[in-house]
Each structure stands twice: as C-alpha cells, then as structure tokens.
Amino acid sequence: MMYEFKVSDLAEEFGVHRNTIRNWINAGTLPAKEGPGRKYLMKFQDYQKLCEKFGREPHISPANNVSAKALGALEVSDVAPLEITGKKSEIAIDPSWADACLTCGTCASACPISGVDGLDPRKIVRMAALGMDEELVASNWPWKCTMCAKCEESCPANIQIIALMRKIRGKRARAKVPGPIHKGVAMCLERGNNLGIPKEDFVFLCEDLGQELAEDCCPGFKTPIDVHGARVLVTVNSKEPFGEPDDMKWWWKIFYAAGESFTISSENWEGVNWGLFSGDDEAMKTVVGRIVDNMRRLNCKVLLLPE
Amino acid sequence: MNKWYPEVFNEFKVVSVFDLLLEYIQEGRIQLDKSVHTMPVSYHDPCNYGRKSLKAFGKAYFEEGRAITKACCDDFRELNPNRNGAYCCGAGGGAWAMPFSEERVYYGRIKARQIVESGAHLLIAPCHNCRDQIMKSLIKEYDLNLEVKYIWELVADSLIMPNKQ
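Protein chains in written order, with my numbering: chain A, 1 to 307; chain B, 1 to 165.
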C-alpha cells in the first residue's frame with residue numbers, strides 16, 4: 001500500500017521544516033517519489049519505519065479495525081505497487097478496452113472457474129490494458145480457461161475476452177506450452193497427425209477395421225483409402241486410431257447404410273487442429289492447407305470435419 | 001479455412017457432422033429405429049459448435065444436434081441453461097490434455113449438476129473433447145448414472161441396416 005503526503009503536512013507532523021523533508025527525500029533517506037498534484041508517494045511500510053525511528057504513532061492506520069501490530073505482519077505479504085511505464089502492451093488487442101471494461105464482474109460470475117488460483121477475466125482484461133504482458137504470459141490462467149466464451153457472451157461491453165486469451169497463449173514460448181498441445185502441433189507438422197502415427201500403420205489399421213465391420217454388419221464393406229473422386233473426404237481425430245480405433249466404425253457404418261461414397265486420405269488425415277488451442281496461427285494455416293491439398297488431390301466434393 | 005483459403009469454398013463444400021447426418025436423415029438415405037434408445041436423453045451443446053461458431057462464422061449449430069437426437073429418441077430433455085448459454089463441459093480449449101486435472105474436474109461440476117437435474121440417462125455429445133470429459137471423468141467424479149454417446153454413435157446404433165449383399 002502507498003502512503004500519499006504533502007511535504008508541508010509531513011513536516012508539520014514531525015515538527016521539522018519543509019526543507020528538511022525535501023532534503024531527506026533528495027538524499028534518499030526518505031524513499032519517496034513525486035506523485036500527482038504536488039504530493040509525494042512512499043510505501044506505507046516506509047512511513048511506519050519513519051514513525052518508529054522518531055518514536056511516533058502513525059497518524060493514520062490503513063484499516064481501522066486492525067491493530068498496528070497485526071498490520072506489521074500483514075505488511076510482509078504486501079505487493080509492490082505497479083508502476084505505469086507507458087510501455088505498449090503487445091497483448092491488449094484494443095486500447096479502448098481499458099475504458100470499455102467497467103470491471104462489472106458479469107464475466108467472472110459466468111465463468112465456471114473464476115476464483116480458482118485467482119483467475120478472473122476482469123483481472124486479465126485489466127492486466128492487458130496495463131501492459132502486464134509478462135505476468136499474463138507466465139500465468140497459467142489462459143491454460144486453465146477452456147475458452148468456452150461464457151464470459152464473452154455475457155459481457156455487456158462486448159470485450160473480446162477469448163481472442164485475448166488465445167493471444168496470451170500464443171505468446172508463451174512454445175517449449176513452455178503446458179501438456180502435449182504444442183508437441184502435438186509440432187508432431188503434426190512433421191508427420192501429418194498430432195500423435196505421429198505412421199502411414200503404414202494407419203492404412204493397415206483402417207483396412208483391418210473395415211474387414212471387421214464387413215464381417216459384423218456391413219457385408220462387402222472395404223475401407224476406402226485414397227479413393228479418387230469419392231464424394232466425401234473424411235478427416236480423423238488421431239486419438240481414435242491411436243487409442244479407440246473401433247470408434248471409427250460408427251461413421252463407416254452410417255456411410256455404408258447411406259450408400260455414401262467416401263474416402264480417407266492415407267496422409268495428413270488429421271482433422272483436429274491444435275494450433276487453435278495453442279494460439280499458433282502459422283501451424284494452423286499449414287495444417288488447413290494440407291487438407292485443402294488432399295481435397296484437390298483426391299478430387300472430392302465435400303469435406304467432413306471430425307467433430 | 002475461411003480466413004486463409006477463401007477460394008476453396010467455390011471448389012468444394014465443407015460440412016460438419018451435423019450437416020451430413022441431417023442430410024442423410026432428411027433425404028431418407030438412412031432409416032432409424034427409435035426403440036433402441038428409450039431412456040431419457042439429453043443433449044450437450046459444445047462451445048465450439050454453438051456459442052463460438054456463432055461468433056466466428058455467424059452460424060451456430062444448436063437445433064441440428066437436437067433434430068438428429070430427436071430422430072433417434074422420443075424422451076428428449078434439455079439441460080438448463082442451453083444453446084448460447086450452455087455451460088462448457090470443462091475440458092475445452094485443450095484443457096482435456098492440460099496438466100491441470102483438478103481444475104478441469106472442478107470446472108465440470110456445473111455440467112454434472114445440469115445432467116443430474118435433467119434426469120437423463122443418456123447424454124449426446126457431438127464433440128470428442130466433451131464426450132471424453134463427461135464419459136471418462138465426470139461420470140466417475142460425480143457418480144453419475146449416465147451413458148454418453150457421440151451423436152454419430154447414436155445414429156450408428158439406431159440404424160436399420162439396409163439389406164445389401
């Protein structure tokens with residue numbers, strides 16, 4: 001907490017001349033600096049120390065019902081006040097948000113995890129407006145947030161909280177992105193799917209599952225891989241071939257029943273773009289571009305996204 | 001795709017799971033048996049197909065998923081709030097894969113409560129992420145008496161298979 005004073009008031013309080021106070025300030029004995037309106041600012045702690053040194057009681061107490069003793073203990077956890085340096089934030093999308101956001105808290109009450117670990121959408125908007133980029137990028141708030149957009153939907157000032165959240169995610173050093181999200185993006189760029197499943201394994205698995213389906217309920221079914229001119233190109237969520245391969249059969253069964261002509265690409269079949277979550281536009285663009293290439297290569301008419 | 005490859009929309013159509021399933025149902029290309037799922041069923045609105053799609057593309061998939069679900073089941077119940085006001089399952093935005101599982105489970109408490117209040121025994125989730133969170137995490141954590149299916153799983157399980165040889 002900061003203590004604001006006029007030189008003349010402090011001089012009167014301690015019974016010294018105004019010049020003495022000024023000298024103390026200039027010499028650094030009194031750690032204060034100029035504030036607005038010919039006033040000075042110092043840490044309340046420093047004011048307390050000054051009083052102690054001269055055997056005086058502080059003439060104000062920041063909280064009426066807290067004894068000076070208790071306060072002493074509280075002071076230890078005191079947060080250093082933020083200095084506005086005028087440095088421009090790279091995260092704040094629109095400077096007018098500083099005015100538009102009234103910190104009314106509608107967003108915070110809509111958010112299912114506000115309060116957890118100090119997360120609060122208002123605070124994040126305000127921190128961005130104040131240029132606290134480093135703190136935001138270092139915090140785990142944007143990664144605990146699911147970007148569900150309840151906050152944004154409820155915001156009466158229409159602040160783009162989710163775009164802000166994603167931008168903060170994107171500023172995190174890639175190696176420090178929590179969990180497998182970025183590793184998945186890197187894997188996808190390198191091998192064509194988030195989990196790095198090799199082409200041969202994928203094709204073998206699909207054909208094998210197709211046979212099972214044919215025996216089970218779809219006589220004559222054969223998994224169509226790389227079929228040129230099929231109507232629908234199907235993209236796949238890599239967790240299915242990786243961990244729940246049988247789940248792919250539901251769609252195939254529907255296609256079979258509907259008599260649909262569909263195909264799956266043997267390469268770059270990933271339909272889940274984790275760049276969206278990690279805040280990585282470049283990677284996202286590359287992955288989308290590959291799907292476009294597949295559509296052109298296989299000459300399909302309809303692209304089905306996996307979810 | 002809208003942003004980087006706008007030209008492709010002249011070359012081909014991009015469809016969601018809802019568009020394609022509804023097309024098959026409305027054109028009569030698949031037949032569905034409502035007697036497979038007689039239990040009370042409810043539908044979870046995924047953030048990305050609803051609220052966020054509305055914002056990003058001006059089009060939300062709220063009614064499509066309900067129409068498909070109702071084509072498979074008679075006893076349909078809503079979660080409240082729903083559609084644009086729906087609560088996230090708690091695992092969106094990559095949170096399913098993040099190392100913050102306590103937060104994720106806590107996040108899901110509202111979804112779990114909504115499901116219990118709806119009285120549903122089957123929940124339809126059109127999103128991989130939501131399905132995993134609800135089926136693999138919330139059911140255990142909140143002791144829900146519930147089955148979860150993808151919307152295409154519901155359709156596949158309701159199919160009356162045509163006679164083909």
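Because the hints were derived from the structure by calculation, they are not lab data.
Keep in mind that a hint or two might mislead.
To be verified - DMTMM-like, lysine to aspartate or glutamate: derived pairs with alpha carbons at most 20 Å apart:
no. : chain 1 : residue 1 : chain 2 : residue 2
1   : A       : K167      : B       : E27
2   : A       : K176      : A       : E90
3   : A       : K285      : B       : E11
4   : A       : K123      : A       : D94
5   : A       : K301      : B       : D157
6   : B       : K13       : B       : D33
7   : A       : K239      : B       : E153
8   : A       : K301      : B       : E153
9   : B       : K136      : A       : D94
10  : B       : K3        : A       : E240
Remember, it's a predicted structure, so these values are computed and weren't measured experimentally.
*Checking against the hints above, which ones are violated?*
Of the numbered hints, 1, 5, 6, 8, 9, 10 do not hold.
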